[in-house]
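Visitor: For reference, the chains in residue letters:
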Amino acid sequence: MIAYAANLATIVAIFAILAATLNFIVGYAGIFSVAHAVFFGLGAYAGAQVALLLIPDPLLACLAGAVVAGGLSLCLALPALRVRGEYFVAASMGLQMMAVTLFSEAKPLTGGIGGLVNIPRPTLFGVEVSVLPLALVALALILLATALLQRGAFGRTLQALRDAESAAEALGKNVAAAKTLAMAFACAGAGIGGALFALHLSFVNVESFTMDQSVLVMAMVIIGGTGTLWGPLVGAIILLSLPSGLAFIPFIPPTEVGAVQQIVYGLAMTLLMIFRPAGLVGDLSKGRATA
Amino acid sequence: MLFLQLLLQGLQTGALYALTAAGFALIFGATRIFHFAHGATFAIAGYVFLYFWNAGQPWPGALAAIAAAVVFGLGMERFVYRPIQRHEGSFFTVFVAAFGVAVVVQNLIGMIAGRGFASVDTPLSMANEVLPDVFLAPIFWIAIAVAIVLFVALSAFLTRTHAGVGLRALAQNPDLLRAYGLSSNRLSMLAFALGSAMAAPAAILTAMTTGLNEAVGHHVMLISMAATIVGGVGSLRGAALAGLMLGVAESVALQFVDTQWAEGVSFLVLFAFIIFRPSGIFGVAQTR
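Taken in order, these protein sequences are the chains called W and U. Residues in the first sequence are numbered consecutively from 1, following UniProt numbering. Residues in the second sequence are numbered consecutively from 1, following UniProt numbering.
One should not assume that every hint holds.
Unchecked claim - With a straight-line cut-off of 20 Å between C-alpha atoms, the simulated SDA-like cross-links for lysine to any residue are:
(1) K107(W) <-> I281(U)
(2) K107(W) <-> G264(U)
(3) K107(W) <-> L150(U)
(4) K107(W) <-> R160(U)
Said to hold, decoys possible - Quick look at which bits of chain W chain U covers, simulated, 3 or more residues with Cβ under 8 Å:
(5) 69 to 82
(6) 114 to 128
(7) 143 to 157
Claimed, not checked - Pulled from the structure, derived: some chain W residues nowhere near chain U, Cβ distances all over 12 Å:
(8) M1
(9) I55
(10) D57
(11) L132
(12) P133
(13) A219
(14) M269
Everything labelled a hint here was simulated from the structure, so no lab data went into it. Ideal placement from N, C-alpha and C gives every residue a C-beta, glycine not left out.
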């Protein structure tokens, strides 16, 4: 039971990292990416390779994950500088679908469809550690960084370019730099989440980095409330406790739990947008996130 | 000869892409709604046809597929997009709502019809040798003919009928349209009905050739969006041409790469256009 709870808590913490970082670009910068699972995957593969080839040091794995995912975020920052709104969604969706093919084909780096197996348990200074405390610390740091960035000049620049890009540019804000930096920060965060995920499961394959996963993370952000600090956390907890909750409903066959879960959050996304577009945590009196 | 074979194959795929993309572009051009559930329309039409086919009713199946597509499209317009646009129609809200519906449809199809590829077996997709080493199935001619007939009919409708002119006016200036006493709600429903109906023939023909799976909507959306952007937003001709081009490009690329990379070709074209020419082939630079 404790092991079950610890496992669920670790997964919640990792997905909360993903949701919080996605919220950073969606909610504050208005960059609507449906490719967040790509950077989660890049971090996971990088972290796993560090653990497999060098030492299973979680800090090093996280660093590798952050560097790889943050560096390759340029793939997404480039279209984000050129277009926004619908166009960018199209570009990020294409990137997501391409990445799944790449992950399944680049066997030397990712192990192909079979994935990377037998990733050693993480050890810090020679002592074996569990991933849960690491994930909680990483989540806390990322939330702290989000809160600080949001209050500072950088956060205000992002919100300005979310609400009126031309106006922000006219006032002398460097829109290109702000977008690229926001993107790098969010993707590096997703990379850290990925590295922790790989160490926690000691197995990764492409199944965890598909479009469905990107949609799940997006649903967490939206259901929780975009542009809020705690919304993504609430969304992650709700959506990840959903499968265990559904398992108790007798008339759903176990093989269909995944599908029912997706139907529930798909429906929730649509209904929220019709009736409460700011999300569960979002404040209706404030302006809504517009892209 | 391999090249010719791939080119013809690409024309067949491209004709189907063109139909789907033109439906999407028609809706987007007229209503400015990024109909992200267009892929779901395609999947619904395809699976409805599949159901009737398995019951031994191909022709009623084709009609039912078109009806299902139209009903779904109209339902989206009436129950999802219109309530959202009434209070605030930001791109983000519309996109997420449509995306949620697409997720629901994909999983419902998976639960009801089963997961994995499903296709219909028909003598129409049996290939014959038409030239030395070049094989064509009768379905090739059907796909090309259907595409040509529908495009001629659509452009005649848009230029010659009152409602068609109204649709084009809706795209250009909705306020002026209302001032002339036309109902923008009714025209927007017309756009959804027509655009969704255009996805049905493509879905039926896809079921007969490559087959469908429950996640086919993602691929359809990527192609529709790519064709709309590459063709130039607001240009129906552009979207159709770009759809055809993407189909040919994906197919001809098979001479150099394996099949799993075919989708990547469309992605690269889209990416190149977004970075170097976001307004597309026929698009005019506009401030959005």
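Visitor: Confirm or reject each hint.
Guide: Now for the hints, and whether the structure bears them out:
no. : hint                : verdict
1   : K107(W) <-> I281(U) : violated, 37 Å
2   : K107(W) <-> G264(U) : holds, 18 Å
3   : K107(W) <-> L150(U) : violated, 44 Å
4   : K107(W) <-> R160(U) : violated, 56 Å
5   : 69 to 82            : holds (count 3)
6   : 114 to 128          : violated (count 0)
7   : 143 to 157          : violated (count 0)
8   : M1                  : holds, 30 Å
9   : I55                 : holds, 35 Å
10  : D57                 : holds, 35 Å
11  : L132                : holds, 30 Å
12  : P133                : holds, 34 Å
13  : A219                : violated, 8 Å
14  : M269                : violated, 3 Å
In terms of the numbered hints stated before, the structure departs from hints 1, 3, 4, 6, 7, 13 and 14, listed from lowest to highest.
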